[in-house]
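*Asks:* Residue-level listing of the chains:
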Amino acid sequence: MSRLNAHDGNPLGTRRGSPVRKAFSSPLASVFVIAVTVLWTIPTLGLLVTSLRPKQDVTADGWWNAFVHPDLGLGNYHTVLFEGGSGVSTGLMPFLVNSLAISIPATLFPLVLAAMAAYGLAWVRFRGSDTVFFVVFALQVVPIQMALIPLLRLFSGGAHLGSLTLIPPVDLKGSYAPVWLAHTMFALPLAVFLLHNFIAQLPRDLMEAAVVDGASHFKIFRSIVLPLCTPALASFAIFQFLWVWNDLLVALTFAGGTPEVAPMTVRLAQLAGSFGGRWELLTAGAFLSIIVPLIVFFSLQRYFVRGLLAGSVKG
Amino acid sequence: MTPNPTAPSKSSRRRLVAAPALLAALALTAACSNSSGGSGDGGGGAQTLSGDCAKYQPYAGHSGTTVTMFASILSPESDNLEKSWAEFGKCTGIKISYEGSNDFESQLPVRVAGGNAPDFAIIPQPGLLAQMVKSSKVVKPPAQTVANQDKWSPVWKTYGSVNGTFYAAPMSANMKSLVWYSPKTFKAAGYEVPKTWADLMALSDRIAKAGGGKPWCGGIASGTATGWPATDWLEEVVLGTYGGDVYDQWVGHQVKFSDEKITAAMKTVADWMQNPAWVNGGYGDVKSIATTTFQDAGAPILTGKCLMLQQASFYKAQWPKDTKIGPDGDIFAFHLPAVNPAIASPVEGGGEFLTAFASRPEVQAVQNYLSSSDWASSRVKTATGWVSANQGVDKSLYTDPIDRLSADALTDPGATFRFDASDMMPAAVGSGQEWKSLTAWFAEGQSIQKTAADIDAAWPQ
Amino acid sequence: MSVPGTPSPAVALAGGAWGDAAIKFANSFGAIAGFLGILLVVFFAAGRARGRLARPLAVAVFLGPAVLLLLVGLVVPLLRTGYLSLLNDDGTRFVGGENYGWAFTTESVQEVLVNTLLWLVIAPLVATGLGLVLALLVDRMRGQAVYKSLIFMPMAISLVGASIIFKFVYESRGPGQSQIGLLSQLAVALGWDDPPNWMLSQPLNTFLLMAVMVWVQTGFAMVVLSAAIKAIPDEITEAARLDGAGGVRLFWYVTVPMIRTTVVVVLTTVMITTLKAFDIVRTMTGGNFGTQVLANEMYSQSFVQFNTGHGSALAVILFLAVLPLVAYNIVQLRKERGVR
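Chains as they are written, first to last, in the working numbering: chain A, 1 to 315; chain B, 1001 to 1461; chain C, 2001 to 2340.
No wet-lab data here; the hints were simulated from the structure.
If you're wondering where the values come from, they're calculated on a predicted model, not measured in any experiment.
Heads up, a few of these hints could be off.
Straight-line Cα separation of at most 25 Å, SDA-like style, residue types lysine to any residue; simulated pairs [stated by the list, open to error]:
hint, chain 1, residue 1, chain 2, residue 2
1, C, Lys2167, C, Val2188
2, B, Lys1450, C, Lys2167
3, B, Lys1137, A, Ser30
4, C, Lys2167, A, His160
5, B, Lys1305, B, Ala1457
6, C, Lys2167, A, Val49
7, A, Lys219, C, Pro2065
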């Protein structure tokens, strides 16, 4: 397994051809890859082109006609961003801010907590730590829809044991805290699983040397584990950021639809409803919503696979 | 079913532009409400409102409070709502924080069950209202709101009641028994507006044989609520064939869907909206009704590819903004005749009910105001396309011909008025199986017997 | 922490979108700083513990928060759902297995189960298979970074967004009218005068919806598998080649076994995503026209139709359906640990 860590793992890097690869190389293969790439790109391109066309063109003929009679403009974006309508806002701006204000903490919290748990399960071994790990792994498949009502009840009413208040109720209105908490809970199983795979493979000698030097678990975690598993942390962070950014259900339930806290997705769902058949506005809104994840993805993608791979690759 | 009567509007551009300015004004007044209009010194006692604000005196004394409201009404229609209570908010200092969602029907139960209910929900379905009352989170209205109900015809009060107890004041009322058509096209072709069902069918036949456009178009796609316009067609026919009593028994499931009466009504609908020679003008075959959105359904009327569309009064918002609507214009509507001439003027209607989940004084003040004829008049004056069944509203305020037509029908004492049946039925049927099964009936050519049996099977035991 | 929605009057006066944004970000970063600060203090304090207490304390600090959140957020709701699935629809009467009986005997639910099964088998297999083929082919091409990035791009798009994109691709107009959907236009261009209304054509429509999932997940499978193939030590393939293994044999007897674990993990991840995803069906057909899947039916039963008993039973079935997959993964992991 340590071979993997030595390997650069850059998914986009070039590499000398291996025999297997050579066996699969032929002009036909290139044509196939190019065809798939084109096929995979066209729908998004169609979205972009549609969002730039005026309304009458969108419903009159297909977007590919825009290449024959170009009549493109940013009018739809202007409408969506600044004339959003609905008495609650003047456009998508506040929702964009909310999306960021929700996504960043909701990525960081589970990241840190899961790294701690993964370290605890991997290196502070105790009786039953394997069982705990497997249970956490299995929790990935719990349908989160089922957790909505119990969680909302907990946040709004607190938890009580008889007359003793265990957890005080939170004021849900206009606060991000419930959304952060809910996302953190739902993200933990996958996060613990991925990070555990990585952390468990750190070299044993390194850990033992640190213990001999008298370092506590906390010191080891901070000064050895965290720096070494940066790739894994980065790959999970991307995963989680994309997930939170694109989430509708959790946000709608725990944040509601007001511009104080609601993210872009909630707003777009409202737009989809209120614009109905207005494809040109819907496409502009949809394209706006994928810009930030695309930036995040393209700037961090080289970390993505490195962290994800550990534990699943047999070297 | 009226999941979102106000949804998309092709004519919304102008109103959308107006919204930001209004919002800015709202935000400003909310922020410094104490200084405007009233003399509110906030010294603990009741404020005294003067000048233009004097009429809001009964609601004074809660300056600086906020009331939340959750509904399915989206922009631009929700902008008109907010405009209609802007002055109230400015004078009393009560901020109404409005949230519209197209997931309203599933989000409201989640939030209520989760203990995070809004102060108010505007519920369009008496069935959902009953479900909420069952959760025992709905608060009974204050005495003043109850008193305001005298302005409504008694039947509306019963729709806002559950098991005889009044809970929710009706806000808007819409008229569903309309057929949209183009007076211009009719005139050019020499067609007359039909007065009876037989005339309507004869006219349809004539149009179909004339070539040109098809007589009818329709669309029942509406996202997760796909199928609701089809429930309206069935309801119109049941009400117009058998009258109010059978209709009420059908709502109560004493008359089942598989009852001969209802399957016969389904047959009538099939002969009308599933007639391959008659539909779906501008879109394709019968099945295309299932994938055409209800918003788009009427568009071919403007191009003559289709001549008639059965849709409610709120469909007015769907016409492009430069469409001339009126008896001599591009577009107008006539009252759908009764299938059985013995039934006097059947009118199917829908509406929305203001349901409170809190009893704080400011919540009650808002509830009192929104159930008053003052507010209803204010909303009517704000913009057209909204009708109140409140008889305290001066009918001369309705400047739009469709609004006036609807208001007349809704307040006509001789009419056989009934509320949308699917909205009254339990949600498992009215917002579930009936939509699904009727959609399958249109999209997959499923038999009437199977469609009816499936719906009956979903009725809660 | 302060509430972003209700700024103090002074702040409201400062107002403006930027002021608003600044307050919101201050909230988020304040929360992050607070969170990390508390952790540091706890670490510092707990790190000083020595002796017999040190170990249990470390376990509690490292695992406590995550386990507590998981208990509250997932375990308790899971148990509650299991309990509700044994009650009737308004939760007032114990009905035993009646809801499960309903699920397996009602025709429309059977259709949902069959659809879900199709989704579970086909979408992950196609996405992973296509991803594997692409992984093998793309690496020897010039400009592979461009191809990989473009194929991986849909992964960054939400399922709702992807559904909107494909709704547009599948849009259909009647004969004689100008098509605005790409698929219909292609069909017309290929000489099919009157292409069907795709979303109504059963059972084709279910596969068209799956195509959206494949579109989103293939890039993920490709990138992960590509890296796994690269991680195979050259000595191994070299040795096999010296033994006379050709390209295809090399692939089956060396490459595939070497990356098997990765393939299983990719399959599992895509499968779990597929099972939980209700956005595609919800957005594109609303579950009509015979395309309904379990996750969407469960949501509708529970929250729209108030059949909590039925909805909960479907949730439990959903959970149990994936459990074998998880169990298989666990067995694999155990084996690996045993080896190590």
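*Asks:* For each hint, tell me whether it holds in the structure or not.
*Replies:* Structure-based check of each hint:
Of the supplied pair hints, the one linking Lys2167/C and Val2188/C holds, its CA atoms being roughly 18 Å apart against a limit of 25 Å. Between Lys1450/B and Lys2167/C the alpha-carbon distance is near 30 Å, which puts this suggested pair outside the 25 Å criterion. Proposed proximity of Lys1137/B and Ser30/A is contradicted: the alpha carbons are some 64 Å apart, above 25 Å. With a CA separation close to 47 Å, the supplied pair Lys2167/C and His160/A exceeds the 25 Å bound.
Taking the CA atoms of Lys1305/B and Ala1457/B, the gap is near 39 Å; set against the 25 Å cutoff, the hint is violated. Proposed proximity of Lys2167/C and Val49/A is supported: the alpha carbons are some 15 Å apart, at most 25 Å. Annotation: proposed proximity of Lys219/A to Pro2065/C holds, straight-line Cα distance about 19 Å (limit 25 Å).
Violated hints for the displayed structure, listed by number in ascending order: 2, 3, 4, 5.
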